[in-house]
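Q: Model the placement of chain S on the given structure of chain C, informed by the hints.
One letter stands for each residue in the lines below.
Protein chains: 2
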Amino acid sequence: MAAVRRGNGHKSYFASSDDTKICVVMVGLPARGKSLIAGKAMRYLAWVGIPARVFNVGSYRRNNTPQPTATFFDPHNSEGEKMRRAAAEAAMSDMLRWFASGKGVVAILDATNSTRERRRWIYESCYAANVETLFVESICDEEDLIMNNILEVKTTSPDYKGQDPEVAALDFRNRIRNYEKVYETIDDNEKHFTYVKLINVGSTVIINQIKDYLSSRLVYYIQNLHIKPRSIWLSRHGESEYNLVGKIGGDSSISERGEAYARALPGLLKKSGVPPNTKIVIWTSTLRRTIQTARHLAAETGFEKLEWKALDELDSGVCDGLTYEDIAQKYPEDFAARDEDKYNYRYRGGESYRDVVIRLEPIIMELERSENVIIVTHQAVLRCIYAYFLNTPQEQSPWMEVPLHTLIKLTPRAYGTDEQRFKADIPAVSTWRAKGTSAKHQDYPTTEPKNEVPATSA
Amino acid sequence: MAAVRRGNGHKSYFASSDDTKICVVMVGLPARGKSLIAGKAMRYLAWVGIPARVFNVGSYRRNNTPQPTATFFDPHNSEGEKMRRAAAEAAMSDMLRWFASGKGVVAILDATNSTRERRRWIYESCYAANVETLFVESICDEEDLIMNNILEVKTTSPDYKGQDPEVAALDFRNRIRNYEKVYETIDDNEKHFTYVKLINVGSTVIINQIKDYLSSRLVYYIQNLHIKPRSIWLSRHGESEYNLVGKIGGDSSISERGEAYARALPGLLKKSGVPPNTKIVIWTSTLRRTIQTARHLAAETGFEKLEWKALDELDSGVCDGLTYEDIAQKYPEDFAARDEDKYNYRYRGGESYRDVVIRLEPIIMELERSENVIIVTHQAVLRCIYAYFLNTPQEQSPWMEVPLHTLIKLTPRAYGTDEQRFKADIPAVSTWRAKGTSAKHQDYPTTEPKNEVPATSA
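Protein sequences appear in the order of chains C and S.
Counted from 1, the first sequence has number 19 at position 19 by the UniProt record's numbering; the numbering is strictly sequential.
Counted from 1, the second sequence has number 128 at position 128 by the UniProt record's numbering; the numbering is strictly sequential.
One chain only, chain C, in its complex shape:
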């Protein structure tokens, strides 16, 4: 390959037209998972490189009314009605300013937007600003789901901060009753709108008048979401023969210490906390070192196993099989360019992190549909998957440290993802390289297993 290919992949991968702007308008009674959907959609869009932002009307309202009681939401309370209207207008005007600045592609307007009149106002305001609207209504009539939502999320809402959870839950149910009085579902009167209705967490989905590609992708993403409790475990392969000599890429086998990690993996998984009778699916790449690493786990548990080519390591093109020292020497300019912008740098004849994210997109879609999954993959791929769940900015994710012989447990929550790391007591080389150095792979010391280090990102 004579030249580094230009990498404008992402924009044209998702956007049908350069100037599409979309306002995703959430619709639904309180406790229907609107904020959850809004947050996930924003994270997904950011991850695929589309500037997206949530405008939460509630947080505008809290500027003036930080802790309202249910009566504030009574449709006969004209003072409350006025203040809620003002909050919606403030959110709308900030949103339109954001679009006008040229920085925004998708805005998500997170509020109940529960009347036809309110929705018409949003549609017309957006239309005047050349912004398309996509209404996303979440409907739920399963009491269990609603109660879970009330207890898990709303009692931790800023509206009820410091209050008795039971009193808060009761007040919140009364607030819902007030919304129910005026709630109008999207119906045939609004059939010219582009909308999607999610009924009982996507068990039925109604899609109307989707026009552009980006909306179609987004709706496909949203319809794949579920809220069943589950965890996702991430691990790199055990130390490989190439790791030992500091070479990147290739398809080498795992080392003796890597084999020890493969044998330790079933125990490590158990230690991380797996509820009884949990079915976990094992995903690996198609490369030897991940398949070998998952071998004992599969044999001991009998879990289903899938090999994905999309989980193969970032392709380092002409640098495949070289050490970082070799690369610094043979391709000094490339080496510097990669340090400068590691996310976008594409190896000659190979891939960039941005490219890897594109090919991981179906993996993320399948992960959203799945329940418990353990993924045994490679450093760069793991960083990209991790970045999706923890909302890591693009410029940071390629530098994240993911040691060998460590199991990461991610547990999605309503507003973010819990993380725990479990280190196996098996030494391995370090493959982490700091920006601006070519040094890497010194042995790291055997330490006591460092477990239970919870971290939450919201």
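Derived by calculation from the structure, the hints in this document are not laboratory data.
No experiment lies behind these values; they were computed from the predicted model shown.
Treat each hint with caution, since some may be false.
The list treats identical chains as one, so a pair stands whether inside a single copy or across any two.
[What the hints assert, rightly or not] Derived SDA-like pairs (lysine to any residue); straight-line CA-CA distance at most 25 Å:
# : residue 1 : residue 2
1 : Lys197    : Thr301
2 : Lys191    : Ser370
3 : Lys305    : Gly104
4 : Lys197    : Thr133
5 : Lys271    : Ala70
6 : Lys435    : Leu145
7 : Lys211    : Val201
8 : Lys191    : Gln223
A: Chain S alone, transformed into the frame defined by chain C:
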């Protein structure tokens, strides 16, 4: 890259589980585009490597009743009812045999399946054979669409072969009336079924209880289909500097003759037949030679232009920048292996045709959503896109001849795709290599433009 990577990419790309078997059950009155959807879904599945087959109940019925009149379909005609039932049973038993043989993954049962009772029978027969059902109902109340369908498709149906088209259309409308008498749309009584309802060609879509990944992909594909008339033009880039010296890959500029082709392209497109006021979108890869080839076309027409990384040429890995003679000499085993199974052969550190199909999948999705598009891309990529539209078998598509300086016009029809080729009167090297040879790129003679060579594939 030390070893050729193993390529099991596809299966795990689409199938959540190795033993998923799905029966797609079409539902709808006659002339609602069921066979069109069935045919396209089958072609799409075959293209992504999933064994799929359509079982058309009408063709089973024709074994005994080749040319029935509308009265045959009268619900009070018990003889007709009996024979139609027998045809459905014959189709079902062939389908279950096909699944049992292990060859099938997705069967499409193409019939009206217009009563709840019939659908329950299908569901139960499949359930007993461990086959999942996905009901796809097409509903249409726009008279124009239905009439178009009646005139374009049904008067060419074997049921009316050799008959006066107007008499046939009248009889067919009466047949529809007979079906309408007993038609039951899928409703809340069937809410435990996995189904999708397409209302007026996907302008509204209702999706219910999708469980597995393959169904979710298939439904996403179906909901992106439209039936507006349009064409898709395919062209390779103009002759490149690399073409002149017989090298593959790289990112070279176009040659002088390539530039002449770029200048001729607007005229060639016009000559191919473009209805007045037609808006065409120009797609290129991110590589220089396609962007240069589309430059004058974009400038002269003002058409919107999109660059897609997914349209970049098949990555030839370590062979990038070599000639076929070099490859035969340097990597004789690989050279032979590629000839043996060109579709699956993955260049060391590069891609196979199978890999290219995976990354073209979103391109096909976007093409289905789009109207008129001209794609300027590369030999292998063009072969893959062409194979999708013309249903070319995997083992043939990598050997297809696609000369330089030739515009291919594809026009999708109800049952297949029309093809025309327009050759520019500008000489270029031939880049076609026959199986078992390393010879290629002799100059091909300047010939008179060879236009209007229609071909249809059904």
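Q: Determine for every hint whether it applies to the structure shown.
A: Evaluated hints:
Taking the closest pair of Cα atoms, Lys197 and Thr301 never come within 25 Å of each other, the shortest separation being 39 Å inside a single copy and 40 Å across copies. With identical chains, the CA atoms of Lys191 and Ser370 are at most 25 Å apart between copies only, with a shortest distance of 22 Å across copies and 32 Å within one. Taking the shortest Cα distances, Lys305 and Gly104 sit within 25 Å of each other only across copies (22 Å), while inside one copy they are farther apart (41 Å). Taking the shortest alpha-carbon separations for Lys197 and Thr133, both the intra-copy value of 14 Å and the inter-copy value of 23 Å come in at or below 25 Å.
Taking CA atoms no more than 25 Å apart as the test, Lys271 paired with Ala70 passes in neither setting, with 45 Å inside one copy and 69 Å between copies. In this assembly of identical chains, Lys435 and Leu145 lie within 25 Å of each other by CA distance neither inside one copy nor across copies; the values are 47 Å within and 61 Å between. Proximity of Lys211 to Val201 under the C-alpha cut-off of 25 Å is found in both arrangements, the shortest distances being 23 Å within a copy and 13 Å between copies. Taking the shortest alpha-carbon separations for Lys191 and Gln223, both the intra-copy value of 20 Å and the inter-copy value of 17 Å come in at or below 25 Å.
The structure is inconsistent with the numbered hints 1, 5 and 6, although it conforms to all the rest.
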